[in-house]
Amino acid sequence: MTRLLLKNFVRAKGLMLGLLLLFIAGCISLYIGHRFIEQNKETVEQSAHFQQENIERYVEYNQSSIGTLLYYLRFGLVHQAPHLVGLAIGQRDINPSVISVNIRNLEEQKYTSALMNPMYQLLGNMDFSFVLLYFFPLIIIAFCYNLVSEEKEEGIWDMILSQTAQPLQMLSIKLGIRFASVMGVLLLLLTLAGLGLNIPLDKAFVSFCLVAIVYVVFWFCLTCLVISFHLSSSQNALVLLLSWISLTLILPASVHALSTYLYPIPEAYGTVLESRDGYHTQWDKPKEPTIAQFHAQYPQFSSYNHPSDQEFSWLWYFAMQQMGDQHAANDAKVLAEKLRARGAFSQAMGWVIPTIHTQLSLNSLSQSDLLHHLHFLEALEDFHEDKRLYFYPKIFENAAVAEEDWSDFGLAFHQKPLEISGAQTVLPPLLASFLLLFLARMNWRMKMFIEKN
Amino acid sequence: MLIAENLTKIYGQQTALWQLNLEIKAGEIFALLGQNGAGKTTTIHCLLGFILPTEGAAYINGLEVTKNLTVARKQVAYIPETVMLYPNLTGAENLAFFSSLAGFKYSTNELEAYLTYAGLQAEAHHRRLGGYSKGMRQKVGIAIAVAKQVKALLLDEPTSGLDPKAANEFSSILKNMAEKGTAILMATHDIFRAKEIADRIGIMKEGNLVSIIKASSVTTHALEELYLQMV
Chain A
1 MTRLLLKNFV RAKGLMLGLL LLFIAGCISL YIGHRFIEQN KETVEQSAHF
51 QQENIERYVE YNQSSIGTLL YYLRFGLVHQ APHLVGLAIG QRDINPSVIS
101 VNIRNLEEQK YTSALMNPMY QLLGNMDFSF VLLYFFPLII IAFCYNLVSE
151 EKEEGIWDMI LSQTAQPLQM LSIKLGIRFA SVMGVLLLLL TLAGLGLNIP
201 LDKAFVSFCL VAIVYVVFWF CLTCLVISFH LSSSQNALVL LLSWISLTLI
251 LPASVHALST YLYPIPEAYG TVLESRDGYH TQWDKPKEPT IAQFHAQYPQ
301 FSSYNHPSDQ EFSWLWYFAM QQMGDQHAAN DAKVLAEKLR ARGAFSQAMG
351 WVIPTIHTQL SLNSLSQSDL LHHLHFLEAL EDFHEDKRLY FYPKIFENAA
401 VAEEDWSDFG LAFHQKPLEI SGAQTVLPPL LASFLLLFLA RMNWRMKMFI
451 EKN
Chain H
1001 MLIAENLTKI YGQQTALWQL NLEIKAGEIF ALLGQNGAGK TTTIHCLLGF
1051 ILPTEGAAYI NGLEVTKNLT VARKQVAYIP ETVMLYPNLT GAENLAFFSS
1101 LAGFKYSTNE LEAYLTYAGL QAEAHHRRLG GYSKGMRQKV GIAIAVAKQV
1151 KALLLDEPTS GLDPKAANEF SSILKNMAEK GTAILMATHD IFRAKEIADR
1201 IGIMKEGNLV SIIKASSVTT HALEELYLQM V
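So the protein lines, in turn, are chains A and H. With our numbering applied, the first sequence covers 1 to 453. With our numbering applied, the second sequence covers 1001 to 1231.
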């Protein structure tokens, strides 16, 4: 029976075309992922090159004052991306992979991102996660919406029922063939991704594959539930398409709107203003309080003071810059907390909305989500602070520029160790799938009893 | 073999079948005549277990259909007015598929033998069903029924749309099956065909079996007159 149902499936040209289109869309997404990884790699390579070139030039022209030199010099921190990011680009296309900062006021520099083509931002990326989240369910719907109703509408159902009182076995095989074909394309694409994008077969990639598989399983289970109501093909298609629209578009958009309503972030704008005010207002104020606050924050530099006979000193200047960050510190902290709260809210909603959960999981595993970017910004703060603490004494003592080995200052790299929780990663859609399957089976039992009409 | 006992089916306010009592013995061909909506198809669907009777019971080989659906359905075959099968499979593949649903697995030679017995020309055995005429599909339906090796056969206007030669061949097959002990219930509009092959003929009107006639006791003309009087 399986062989004959498989033959029937293979000979249906529309179904084969659907699989082919899915595969082509998947291949395009892999190419887009590959291009993103290459562009990212090129950005990092060029940043390293330009940073070194930049340092060499400034050192050449600013031999007399290390303070002046460090006013200009920028040091880059790279947010390292695993190759898995090629499958789920997430927020990586709007957040820079490299942020170069000088040792002045940090807050303003945090949000100075790289220049990019706005058209890419407008269109978004058709990466693999997009194909998985949006295309795969459509193909599953197209394959299964008439799983039973096709036979009924074509008059074959009576012949089937006259041959067996248990058509569920036949329908299970029919569904299994469709499941295997879609899963085959998914696994083929993931294999191609592993080979083509050089993704190591580590825990992250295995988890990524599991999330993708469970997502496909979820949609098959949802389809099973809908067709278990024995509606007509057009009614099945309508219900399934409405489910697709709700799960992939309306609910995620609603959760996003709700999270922005629950956690508004006026601090995003306030942080920048506070930072600027904190720094610029110091020009018109007496120097002593500014320097006193600097000493309070860095007691190790309390032996350095502003020369009373001079109008300007680098100590005073960097103390002013420090004030900018201090003024904005509270807003910056609240901003980060609220962004984390938004992330936590979305994750909580993911327990009941599998599409949201899948998107968040894929982005988290490929380290392209909001939380990884916030972690990178924290690392940037540490990186910036390290640079300050290293250079402050040299600036305050006006150390000779030539004494420093400037070739040592290449790009620094950050990558947060990935924490994967198996339960958190696949459990919500898996539970939803079991529930749907259970309901579908109950429904079948009720509707499949002998009452045909 | 086939028994309807006070078989009644009511849809809301509409009575589709009322207190039908009927017994068809092994080797007997019983034809049900009646207008559209007389209750012929409802009778067949109750015997098949497609629908639950409102009252009464249907029995196949002594088994009450609703209580022993799986076993009862193994003992009955059905040929609808228009046999619809999978158009992407060949005649032989369709036969193999529907036989496997009933739990039979046949070799290619056996499948071809059944199709040939049903009157399907050899060159069509391995052609996809999409290109078959109604008569050819009907023959595959007969092959499916024969291959199920059942004790009872239910037919719902099986010869409608068949050309005279095909209908004649079909009649021969039914007679042959009856000779081998199969009980056959056939709903039809075709008075001539009913007279030709049936042992007994029942006339239905508005859900009631109003008359049962021994086919050998009337001429075709008399049967036609009787039918017109009753409906």
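Calculated from the structure, these hints are not laboratory results. For glycine and all other residues, C-beta sits at the position ideal for the given N, C-alpha and C. A couple of the hints might just be wrong.
Heads up, incomplete: computed chain A residues facing chain H, CB under 8 Å, no partners named [to be verified]:
1) Met1
2) Lys7
3) Ala12
Do the hints match the structure? See the list:
no.	hint	in the structure
1	Met1	holds (4 Å)
2	Lys7	holds (6 Å)
3	Ala12	holds (6 Å)
In summary, this structure violates none of the numbered hints.
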